[in-house]
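Trainee: Each chain is listed here by its residues.
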Amino acid sequence: MSQTDPLTRAVEAALFAAEAPMTAEALSAHLGGADVRLALRDLAAHYVGRGVELVERGQRWHFQTAPDLAHLLRRTREEVRRLSRAATEVLAIVAYHEPVSRAEIESIRGVQTSSGTLDVLMEAGWVRVAGRREVPGRPVIYATTPEFLTHFGLASRKDLPGLDELRAAGLLDPVEDAVSAALDLGGDVPRLDRDAADEREYPPPALESEDESA
Amino acid sequence: MSQTDPLTRAVEAALFAAEAPMTAEALSAHLGGADVRLALRDLAAHYVGRGVELVERGQRWHFQTAPDLAHLLRRTREEVRRLSRAATEVLAIVAYHEPVSRAEIESIRGVQTSSGTLDVLMEAGWVRVAGRREVPGRPVIYATTPEFLTHFGLASRKDLPGLDELRAAGLLDPVEDAVSAALDLGGDVPRLDRDAADEREYPPPALESEDESA
Amino acid sequence: MTEVASPLLPLETEDWNGPAAARTDDSALYLELDGWEGPLDLLLDLARRQKVDLRAISILDLVDQYLNYIDQAEALRLELAADYLVMAAWLTYLKSALLLPRDEQEDPSPEELALRLQLRLQRLAAMREAAARLFARDRLGRDTFVRGAPEGLRVDRKNMWQCDWFALVQAYAQVKARTVPVVHMVRDRLVMTLDSALARVSAMLGVALDWMELRDFLPAQAEPRLRRSALASSFVAALELARLGKAELRQDAAFGPLHVRGRKP
Numbered sequence: 004m005s006q007t008d009p010l011t012r013a014v015e016a017a018l019f020a021a022e023a024p025m026t027a028e029a030l031s032a033h034l035g036g037a038d039v040r041l042a043l044r045d046l047a048a049h050y051v052g053r054g055v056e057l058v059e060r061g062q063r064w065h066f067q068t069a070p071d072l073a074h075l076l077r078r079t080r081e082e083v084r085r086l087s088r089a090a091t092e093v094l095a096i097v098a099y100h101e102p103v104s105r106a107e108i109e110s111i112r113g114v115q116t117s118s119g120t121l122d123v124l125m126e127a128g129w130v131r132v133a134g135r136r137e138v139p140g141r142p143v144i145y146a147t148t149p150e151f152l153t154h155f156g157l158a159s160r161k162d163l164p165g166l167d168e169l170r171a172a173g174l175l176d177p178v179e180d181a182v183s184a185a186l187d188l189g190g191d192v193p194r195l196d197r198d199a200a201d202e203r204e205y206p207p208p209a210l211e212s213e214d215e216s217a
Numbered sequence: 004m005s006q007t008d009p010l011t012r013a014v015e016a017a018l019f020a021a022e023a024p025m026t027a028e029a030l031s032a033h034l035g036g037a038d039v040r041l042a043l044r045d046l047a048a049h050y051v052g053r054g055v056e057l058v059e060r061g062q063r064w065h066f067q068t069a070p071d072l073a074h075l076l077r078r079t080r081e082e083v084r085r086l087s088r089a090a091t092e093v094l095a096i097v098a099y100h101e102p103v104s105r106a107e108i109e110s111i112r113g114v115q116t117s118s119g120t121l122d123v124l125m126e127a128g129w130v131r132v133a134g135r136r137e138v139p140g141r142p143v144i145y146a147t148t149p150e151f152l153t154h155f156g157l158a159s160r161k162d163l164p165g166l167d168e169l170r171a172a173g174l175l176d177p178v179e180d181a182v183s184a185a186l187d188l189g190g191d192v193p194r195l196d197r198d199a200a201d202e203r204e205y206p207p208p209a210l211e212s213e214d215e216s217a
Numbered sequence: 225m226t227e228v229a230s231p232l233l234p235l236e237t238e239d240w241n242g243p244a245a246a247r248t249d250d251s252a253l254y255l256e257l258d259g260w261e262g263p264l265d266l267l268l269d270l271a272r273r274q275k276v277d278l279r280a281i282s283i284l285d286l287v288d289q290y291l292n293y294i295d296q297a298e299a300l301r302l303e304l305a306a307d308y309l310v311m312a313a314w315l316t317y318l319k320s321a322l323l324l325p326r327d328e329q330e331d332p333s334p335e336e337l338a339l340r341l342q343l344r345l346q347r348l349a350a351m352r353e354a355a356a357r358l359f360a361r362d363r364l365g366r367d368t369f370v371r372g373a374p375e376g377l378r379v380d381r382k383n384m385w386q387c388d389w390f391a392l393v394q395a396y397a398q399v400k401a402r403t404v405p406v407v408h409m410v411r412d413r414l415v416m417t418l419d420s421a422l423a424r425v426s427a428m429l430g431v432a433l434d435w436m437e438l439r440d441f442l443p444a445q446a447e448p449r450l451r452r453s454a455l456a457s458s459f460v461a462a463l464e465l466a467r468l469g470k471a472e473l474r475q476d477a478a479f480g481p482l483h484v485r486g487r488k489p
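Residue numbers (our numbering), protein chains in the order written: chain L, 4 to 217; chain U, 4 to 217; chain W, 225 to 489.
You may find that some hints are simply not true.
Unchecked claim - Counterexamples of contact, computed for chain W against chain L with all Cβ distances above 12 Å:
1) 276
2) 302
3) 320
4) 328
5) 370
6) 375
7) 387
8) 388
9) 389
10) 394
11) 404
12) 418
13) 423
To be verified - Using C-beta positions, here's what the derived DEER-type ranges look like:
14) 183/U / 378/W: 42 to 50 Å
15) 26/L / 302/W: 55 to 63 Å
16) 162/U / 63/L: 46 to 54 Å
17) 413/W / 106/L: 40 to 48 Å
18) 150/L / 126/U: 31 to 39 Å
19) 378/W / 150/L: 22 to 30 Å
20) 162/U / 81/L: 39 to 47 Å
21) 132/L / 414/W: 54 to 62 Å
FYI, nobody ran anything at the bench for these hints, they're computed from the structure. We treat Cβ as the ideally placed atom computed from N, Cα and C, and that holds for glycine.
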């Protein structure tokens, strides 16, 4: 590389290490009174077209990343995350009952719903605020978005299966019925010998998870 | 100015903007998986002789001001941490012998090491716990960190001053090894005559800068 | 560079890294002792004053200088740390051993002990010099500087939420199923009471001669829930009969089949 003038090197190093932009006067004072103006021009010219540039703003000089590379300083990393059970339930309730307020969601779910859950659904772009209900307190009401339909492959909300279809698919069977059905099927009598362990066990009902934070 | 390769510009901008040294891998990940090694070499060559230089320390890269400009920049900076003489010795022992246990450090120094000494070095980020030695008692062993290399301007541990000479002279081997080696050779035992202080001049130790002596 | 003087030897300037004090009088001793990090450090200091390669020092001179130093400290009634005195005792022993005729020397030989001391001094000296060279390097934050105001690299995380149609529909169905009002009804169940089990087991034991498995006492054609009740009641009945001395119970292994036999009075 070409020989660089000592004063230019000093100006380069001083501006690089400086914690704030510096005026030519401050630089000069720092470098023993030398006239730094020429060095500043040389430096600015040297950095043209590089990843970093020397710029003057309000008579103060500083290095900065070339503007066209600013996007390099901020990168976005996408992380695939599965919707929590609680958030899925809330999304389903919004989809089936929209527009719906948070109080209504809670009354349908039978459990409290943290605001974080709705935030997640809005971040995902599937739920939006659809105004306020004109009742005392004017609660915010929520509805699904076109992105929701796209993501779940639905032409419209009418494509969601109705209660009758859910019942026919066995998805609405209460837990009690399912247990007795299993008992009726299981003809094995528990014995007092070691084979008793093979008695049919009904899968325990799924645990109610209230993992709203996800 | 010459046209600069886009990847080189990107690497230059990213390293200028980075708040800590970066490995080639981290840089590559940040820049969308590009192979940055050639760009790093080009950049390092470009900055040779300038007021700022690109250096590699423990496989991590960063820009820093040229060392010969220290006198221009130092006065505006607050003093770096002062270490006790004990701490500087312990740091040298860890660096030249790593990984090393506290007992080994003490056997070299001939005194107990107060627990604060290693704590100071770990707090400075220069020494870390590197596991345990698989011998009775499983003593904790210590080693230096990448920050140590960065601070002392070492590309790697191989650059430790005088490392090769110390190794060749056996001065990094335990005393026991040296004793048995000497006895096997049957020779080099210390002189007992008082007037033997003649021949070789012992090379004077390197200067210790004023602000380091505790 | 640090001006260094010995408290015992004539004033001199040296380029080693010992405790700093430009004093020659004995009153400096106390401060000096504070400056050394243990007896090995003091020995190294003394050895350096011989101005030769550490490999060529005279151990006997070194021993004399150290003992002389300790004597003076004691004459001034300075409190010496125990390890300085331990080293003094060891050096006294080493000196006397070294002065013995060779054929009277013990094992390990004093030469080996002296070598050991010399090797330790060399190693300490090497590390001290290494430390000095290390700290004399261009150090980041003192001699070289990183960028004063870096823009910083930021990585923003963006979540890509995943959920499929079935999970959605299933979740709704479960909410519905969970919140449907539930009516609990207890069905009338066929049971075998303890009394009837007692009568039944007693009667069967009366006709059986040998061990019988408890299972064989159960009604053969009963529906499952009755069989379960009968098993429990028959087991309790068998225990009760055994308590009354009317039956014997046998089980060959834990969880194995339970056998019952009538006991003739």
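Trainee: So, for every hint listed, does it hold in this structure?
Mentor: Going through the hints against the structure:
1. The claim that residue 276/W is not at the interface with chain L holds, since no C-beta of that chain comes within 12 Å of its own (minimum 44 Å).
2. With a closest Cβ-Cβ approach of about 49 Å to chain L, residue 302/W is found to remain outside the 12 Å limit, as its non-interface label requires.
3. Even its closest Cβ contact with chain L, about 62 Å, leaves residue 320/W beyond 12 Å, as expected for a residue assigned away from the interface.
4. Residue-level check passed: residue 328/W sits 69 Å from the nearest beta carbon of chain L, beyond 12 Å.
5. Non-interface call for residue 370/W relative to chain L: violated, since the shortest CB-CB distance, roughly 8 Å, does not exceed 12 Å.
6. Distance check on residue 375/W: its Cβ comes as close as 5 Å (rounded) to a Cβ of chain L, failing to clear the 12 Å threshold; non-interface status is violated.
7. Chain L draws residue 387/W into its interface by the beta-carbon criterion, the shortest separation being 4 Å against a cut-off of 12 Å.
8. Remark: the non-interface label on residue 388/W conflicts with the geometry, its nearest Cβ contact in chain L lying 7 Å away (cut-off 12 Å).
9. Not every Cβ of chain L is farther than 12 Å from the Cβ of residue 389/W; the closest lies at roughly 5 Å, contradicting the non-interface assignment.
10. Consistency note on residue 394/W: stated as away from chain L, yet its beta-carbon is not over 12 Å from all of that chain's, at 6 Å minimum.
11. Once the 12 Å rule is applied to beta carbons, residue 404/W is inconsistent with being away from chain L; the minimum gap is 6 Å.
12. With 12 Å as the threshold on Cβ separation, the claim that residue 418/W sits away from chain L holds: the shortest Cβ distance comes to roughly 17 Å.
13. At roughly 21 Å, the least C-beta separation between residue 423/W and chain L is larger than 12 Å, which holds for a residue marked as non-interface.
14. Distance hint check for residue 183/U and residue 378/W: the Cβ-Cβ separation is about 58 Å, which falls outside the suggested range of 42 to 50 Å.
15. Take residue 26/L and residue 302/W: their Cβ atoms lie about 60 Å apart, and the range 55 to 63 Å holds.
16. About 38 Å separates the C-beta atoms of residue 162/U and residue 63/L, a value inconsistent with the hinted range of 46 to 54 Å.
17. Judged by the Cβ atoms, the range 40 to 48 Å given for residue 413/W and residue 106/L holds: they are separated by roughly 43 Å.
18. Checked against the hint of 31 to 39 Å, the C-beta distance between residue 150/L and residue 126/U comes to roughly 50 Å, which is inconsistent with it.
19. Between residue 378/W and residue 150/L the CB atoms are about 27 Å apart, so this pair conforms to the stated range of 22 to 30 Å.
20. Our hint of 39 to 47 Å for residue 162/U and residue 81/L holds, since their Cβ atoms are close to 40 Å apart.
21. For residue 132/L and residue 414/W, the Cβ-Cβ distance of about 59 Å falls inside the hinted range of 54 to 62 Å, so the restraint holds.
Checked against the numbered hints given earlier, the structure breaks hints 5, 6, 7, 8, 9, 10, 11, 14, 16 and 18 and satisfies all the rest.
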